[in-house]
Every structure is written in structure tokens, then in C-alpha cells.
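Colleague: Generate the whole structure from the sequences, applying the supplied hints.
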Amino acid sequence: MAGRLSTIGLRITHAIPVILGVVVVSFLLTRALPGDPAVYFAGAAANEQSIAEIRTALGLDKPLTEQFLVYAGDVLTGDLGNSLSTGQPVLEDLANRLPASLELTLTALLLSCSIAIPLGVLAATRPGSAVDHLCRVLVTAGVSLPTFFTGIVLIYVFYYLLGIAPSPLGRLDFIYIEPDHVTGFYLIDAAIAGDWETWIGALKQLVLPATTLALFTLAPLARMTRAAMLSALSSDYIRTARAAGLTEDKVLFTYAFRNALLPVITTLGMVFSFTLGANVLVEKVFAWPGIGSYAVEALVVSDYAAVQGFVLAMALLFVALNLVIDLTYTLIDPRIGFETK
Amino acid sequence: MSDLATASLPAKQPDGALAHAAYVLRSNPVTLLAFSMFAVLLVAAILGPALVPYDPMASNAAQALQPPSFDHWFGTDNLGRDVLSRVVVATRLDLVISVAAVALSFLIGSILGSIAGYWGGWIDSVLNRLFDTIMAFPLFVLAMGIVAALGNTVENIVYATAVINIPFYARLVRAEVNIRRDAGFAQAAKLAGNSDIRVLAVHIFPNALPPMMVQVSLNLGWAILNAAGLSFIGLGVRPPTAEWGIMVAEGANFIVSGEWWLAIFPGLALMFAVFTFNLLGDGLRDIVDPRQRT
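Order-wise, the sequence lines are chains A and B.
Take our numbering: the final residue in the first sequence is number 341, and no numbers are missing along the way.
Take our numbering: the final residue in the second sequence is number 294, and no numbers are missing along the way.
Bear in mind the hints are in silico, worked out from the structure with no lab data behind them.
If you're wondering where the values come from, they're calculated on a predicted model, not measured in any experiment.
By construction, the Cβ of each residue, glycine as well, lies at the ideal position given by its N, Cα and C atoms.
Check before you lean on any hint, since a few could be wrong.
Claimed, not checked - A few chain B residues facing chain A, derived, Cβ under 7 Å:
1. L18
2. A22
3. V96
4. A100
5. D132
6. A136
7. P138
8. F140
9. G145
10. F232
11. A252
12. L270
13. V274
14. F275
Claimed, not checked - Listed next, the stretches of chain B that the computed footprint assigns to chain A, with coverage defined by at least 3 CB atoms under 8 Å from CB atoms of chain A:
15. 186-196
16. 233-243
Modeller: Quick look at the structure:
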């Protein structure tokens with residue numbers, strides 16, 4: 001147990017230089033603004049003197065290293081500046097909109113895992129069968145799908161042609177009342193409030209964007225599950241287990257599947273990175289009020305503090321997620337240590 | 001024994017590689033299909049403006065929002081412009097953006113990766129940290145941040161796409177160079193009086209090219225998706241320029257009222273291009289490294 005704790009501690013210290021690097025890059029991005037940030041923040045009616053005042057107020061007259069330390073201190077206290085368009089602190093805006101994005105992303109990942117993993121396992125256990133071919137077609141077609149395009153096709157088919165999906169405008173139709181804020185996830189909040197009508201309404205809005213994201217993540221997951229299962233099934237310990245007369249279920253699920261899970265989890269981390277990017281596009285298509293559409297709105301009006309705050313927040317979220325994934329490795333496979341890395 | 005092998009190999013190698021390529025193409029019609037699809041893209045990119053039936057920029061209010069017909073195969077958009085002409089003409093811009101971005105990351109990634117792999121030491125550690133940091137960002141989000149910071153132009157889309165791809169090339173080259181830096185042929189070349197840079201560039205680096213080609217092809221599809229995604233959210237290319245991402249974005253406004261042809265055709269063109277490069281990458285991998293075939 002002590003060994004495992006030190007492994008976890010070591011892995012957490014590995015994340016520190018990466019977090020430092022992320023903060024440096026986002027600092028450089030905020031300082032690389034086109035033109036002079038002081039002129040930009042001073043507004044159109046500024047003269048020489050007011051620009052100089054703003055420059056001092058923003059600390060832009062200090063050396064770059066000192067500016068960086070101030071910036072890092074601000075980030076540490078959660079101060080990402082104010083958004084020009086909403087007038088609110090960027091951190092507050094992001095926190096308000098994060099649950100919408102997370103609800104969408106997590107539902108999509110859950111959906112795609114529940115399809116991709118069984119599909120990959122079936123394809124690996126029955127090579128050359130119809131399932132195997134279906135898996136291969138899905139994998140090749142899936143990686144070529146632009147998410148924003150899939151979303152638009154789904155809207156056309158299910159909203160315009162079939163009329164079974166609600167209009168693609170946000171998380172809840174205006175005829176429903178927002179559930180009381182507990183977690184910010186409408187499905188959970190509505191369930192806590194016992195308001196099943198709203199729950200169904202929120203679910204209806206969620207289905208199309210979640211399917212769009214899920215289709216996008218299906219391909220790498222199914223491909224990796226199939227490959228990992230194939231290599232696990234051809235290994236010596238599976239032959240031994242079969243020779244020892246274990247049942248097929250026991251061999252498949254206890255022996256092969258558990259060993260195949262490791263590369264699948266690695267892929268899941270990579271897929272999450274893609275999903276965070278694809279989120280921006282899907283949220284724009286479905287007018288989903290998450291942090292992705294917040295960043296797009298900010299980009300349109302050149303609201304730099306909001307955009308860079310979003311980039312930093314996404315990177316930190318991703319670093320944290322990779323940490324969690326690496327830690328789950330030690331749960332799945334106790335042999336793994338990070339000393340060798 | 002080893003003398004014999006090295007003496008007889010160079011003479012046979014080109015023939016063997018060609019024969020292998022021909023064998024793979026014969027036994028794998030999908031790769032052949034990928035090469036023909038690639039040819040279609042190239043023709044559209046080079047000759048596109050000369051082939052299309054209408055001026056892609058000419059608006060015609062009387063013909064606005066016409067569904068596909070014999071005169072306008074892909075219909076017309078809200079300003080009466082011919083969608084087919086715009087989709088074909090857009091091929092050049094989309095390919096130029098992605099090829100320029102991939103070429104830049106290939107070049108910079110090769111140089112940085114070679115330096116890190118050949119000399120190692122502190123410069124290797126610094127570069128590795130740098131690549132780790134870039135990969136710590138969700139890449140599309142980093143590209144958004146770079147374009148927002150540098151300014152909203154097409155060149156900056158190219159730079160942003162190049163930056164997020166550099167780590168993949170640099171890592172690949174670093175690994176290929178690293179395993180060969182003390183190889184017999186490299187030491188022989190050094191003993192013969194070649195400088196470090198010459199040994200690296202002429203003797204070691206060419207060995208990394210075959211896996212790099214596979215990476216380039218897979219990357220091109222991804223770079224097109226990335227650039228189209230950026231212009232879809234309003235970065236880089238601006239209307240009225242014909243570009244697939246922005247055409248899908250403009251068409252998205254009409255999809256809820258049933259004018260599907262505005263968004264679907266540019267979207268299909270985009271998928272066709274990405275699919276071509278993915279197939280091509282898989283096919284090239286079969287030729288270059290038969291063991292990785294799945």
C-alpha cells in the first residue's frame with residue numbers, strides 16, 4: 001500500500017512541470033496580442049496619456065519576467081481577468097458554463113464507450129464475421145467525419161425531415177422551467193427535483209449533440225478495443241487458460257478483457273482531448289450554452305481575456321484528466337509504476 | 001557475411017521496393033482507389049477554376065436558394081451563387097492551407113527532432129518538455145488560442161496548425177535518429193571525415209523518411225479537418241471566399257428550413273478529402289511497414 005501511495009505521489013509531481021509549461025504558454029498567448037494591448041484596452045477615444053496610464057495599470061511597462069510572475073500569481077488566485085462582452089470575471093463565466101459542457105461530453109463518452117467496447121470485443125472474437133466488417137467500416141468512416149458536419153446532417157434528418165428531435169437551440173426548450181441548481185447537470189438536477197417532464201425535455205435536447213460527439217469518438221475506441229483484444233487473445237496465458245479447461249466466458253472477460261483494458265484507457269485519454277476540441281464545434285452547431293460556445297462568442301468580438309482563460313482552463317482540465325487516467329492504471333494493473341518513465 | 005549482405009542489398013533494394021509496392025497495390029485495391037481519389041483532388045485543386053461552369057463569386061438574386069437541378073448540379077446558395085463551382089474552387093484553398101501547414105511542421109519537426117535525437121543531452125530534455133507542454137493542450141483549443149493571439153488571418157491558421165503538429169514529427173524523427181546515431185554506417189561516415197551535420201542530414205535522416213511519409217498522409221487529413229473547423233467557427237478564411245468549412249457554416253443557417261444542399265455538398269467534399277488522405281496513409285503504411293497492417 002505504501003508503495004502504491006508513493007507511486008501516486010510520484011505521478012502527481014510529474015504533472016507539475018507540465019502545468020508550469022501550460023501557464024507559460026498561455027502567458028505568451030496573452031502577451032502576443034496583435035498590436036499593443038494597452039492601446040486595445042484603452043479604447044478608441046484614448047490619448048497618449050491615458051494609454052500610458054493603462055500600460056502602468058496593466059503592468060505592461062515592467063520587464064517580461066516580472067509580468068509573468070504577476071500573471072502566474074493571478075492564475076494561482078483564480079483571477080483570469082474580466083470578460084469584455086459579459087463584464088463578469090472570466091473564471092465565474094467559465095464555472096457557470098462548465099456543467100453544460102461536461103454534461104454533453106460525459107454523456108457522449110458514456111454513449112460511445114457502451115457501443116465501441118462491446119463492438120470491438122465482438123469483432124475481435126469473431127474475426128471475418130459481419131460484426132468485424134461493420135467495425136472496420138465504422139472505424140474508417142468515423143475518423144473522416146467532421147463533427148460539425150455530422151451535427152448538421154443529424155439536425156436535417158431528425159429535426160427537419162422526421163420532426164422527432166426538438167429545435168437545436170440550447171439545453172432546454174423554453175416551455176420547461178430550469179431545474180433548481182444543484183450540480184448544474186440538468187438531467188441530475190431534474191431527477192433530484194423529481195421533475196420528470198423537465199428531465200425528458202432535457203434528455204431530448206441532449207440526444208443529438210451527444211450522438212454527434214459519440215460518433216466522432218467511436219472510431220478510435222472501437223479500433224483500439226479490437227486490436228487490444230486480438231493481441232490479448234493470441235497470448236500465451238489465454239492458451240494456457242483454455243488448455244486448463246476454463247469456460248469461454250471466464251477466459252474472455254476475466255483474463256483477456258482485463259488485460260485489453262489498459263490500451264483502451266490510454267486511447268480514452270487521447271479521445272478526451274479530441275472531444276474537448278470537438279465540443280467547441282458541436283456547441284456552436286447546437287447553440288449549446290457551454291464553455292466552447294462561450295469561447296466562440298468571445299472570439300467573434302475579440303474578447304481576448306475570455307478566449308485565453310478558456311484555453312488555459314481546457315489545458316488544466318486535460319492535465320488533470322491525464323493524471324486521473326494514469327492513476328486508474330495502477331488500479332487496473334498493479335504492476336505499473338512510474339519510476340521507469 | 002555482413003559485407004556480403006550490404007554489398008548485394010543496395011543493388012536489389014529499389015527493384016524490391018518497387019515490386020513490393022506493385023504487389024501491395026495489386027493485392028489491395030483500396031490503396032489503388034485511394035491513389036485515384038487523390039488524383040481527383042489534385043485535378044480539382046489545379047484545374048478547378050478552369051473547369052467549373054459558373055463564376056464562384058458571381059451572385060444572382062433571381063436564382064437564390066435553388067435546389068439541385070440540371071443547370072446547377074449542387075443547387076445555388078442564398079446569394080444565387082453556384083454551389084458546385086464554389087465546392088470545386090474551394091479545393092485549392094483547403095489543400096494549400098493543409099499542405100503548407102504540414103510542410104512547415106515536417107520541416108521544423110525534422111530539424112528539432114534530429115537535433116534532439118543526435119546530440120541528446122540538455123537540449124533533448126528542453127525540447128521534450130516543450131513538446132510535452134504543447135501536447136498537454138487539447139490541440140484544437142490550442143490552435144484557437146494561437147489564431148486568436150496572432151490575429152485572424154489565413155496565414156495564422158497555417159502557423160497554428162503547424163505548431164500543433166510539430167511534436168508528432170519531432171518525436172518520430174527523434175526516435176529514428178536516436179537508434180541510428182551510433183550505428184555502424186554512421187560511424188563509418190564519420191571516420192571517413194564527414195561533419196556531424198553532414199552525417200545527420202545525408203546518412204541518418206533519410207532513414208526516417210518512410211515512416212514520416214505515412215505520418216504526413218494521415219496528418220494531411222487531420223490538418224484539413226482542423227483548418228475547416230477553425231473557419232467554421234469564424235477564424236481565418238472570411239466570406240465571400242469559397243472554403244469548405246465556411247460554406248458548411250453558412251449553409252448551417254439554412255438547414256433548419258430544409259435547404260440542405262448548401263451545407264451537405266461542401267461537407268461531403270471535406271469528408272471525401274479527409275477520407276482520401278486516411279486511406280492513403282493506411283495504404284502507404286502497408287507498403288512501408290507491413291508488420292503494422294491491421
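Colleague: Determine for every hint whether it applies to the structure shown.
Modeller: Taking the hints in turn, this is what the structure says about them:
Evaluation of the L18 of chain B hint against chain A yields a violated restraint, the C-beta minimum of about 27 Å exceeding 7 Å. A least Cβ separation of about 24 Å between A22 of chain B and chain A goes past the 7 Å threshold, and the interface hint is therefore violated. Hint on V96 of chain B is violated. Least Cβ distance to chain A is approximately 18 Å, over the 7 Å limit. For A100 of chain B, the interface hint is violated, the least distance from its beta-carbon to any beta-carbon of chain A being 20 Å, above 7 Å.
Hint on D132 of chain B holds. Least Cβ distance to chain A is approximately 6 Å, under the 7 Å limit. Because the closest C-beta pair between A136 of chain B and chain A is about 5 Å apart, less than 7 Å, the hint holds. Given hint, P138 of chain B at the interface with chain A, holds; its Cβ is 4 Å from that chain's nearest Cβ, closer than 7 Å. For F140 of chain B, the interface hint holds, the least distance from its beta-carbon to any beta-carbon of chain A being 3 Å, beneath 7 Å.
Nearest Cβ of chain A to the Cβ of G145 of chain B: about 4 Å, under the 7 Å cut. The hint holds. The closest approach between the C-beta of F232 of chain B and any C-beta of chain A is roughly 5 Å, which is under the 7 Å cut-off, so the hint is satisfied. The interface hint given for A252 of chain B is met, as the beta carbon of that residue sits about 5 Å from the closest beta carbon of chain A, less than 7 Å. About 5 Å separates the beta-carbon of L270 of chain B from the nearest beta-carbon of chain A, less than 7 Å, and the hint is met.
The interface hint given for V274 of chain B holds, since its Cβ lies 4 Å from the closest Cβ of chain A, which is under the 7 Å cut-off. A least Cβ separation of about 4 Å between F275 of chain B and chain A falls short of the 7 Å threshold, and the interface hint therefore holds. Given as covered by chain A, the segment 186-196 of chain B fails the check, having 0 residues with a CB less than 8 Å from a CB of that chain where 3 are the minimum. With 3 residues carrying a beta carbon less than 8 Å from a beta carbon of chain A, the segment 233-243 of chain B meets the three-residue requirement, and the given coverage holds.
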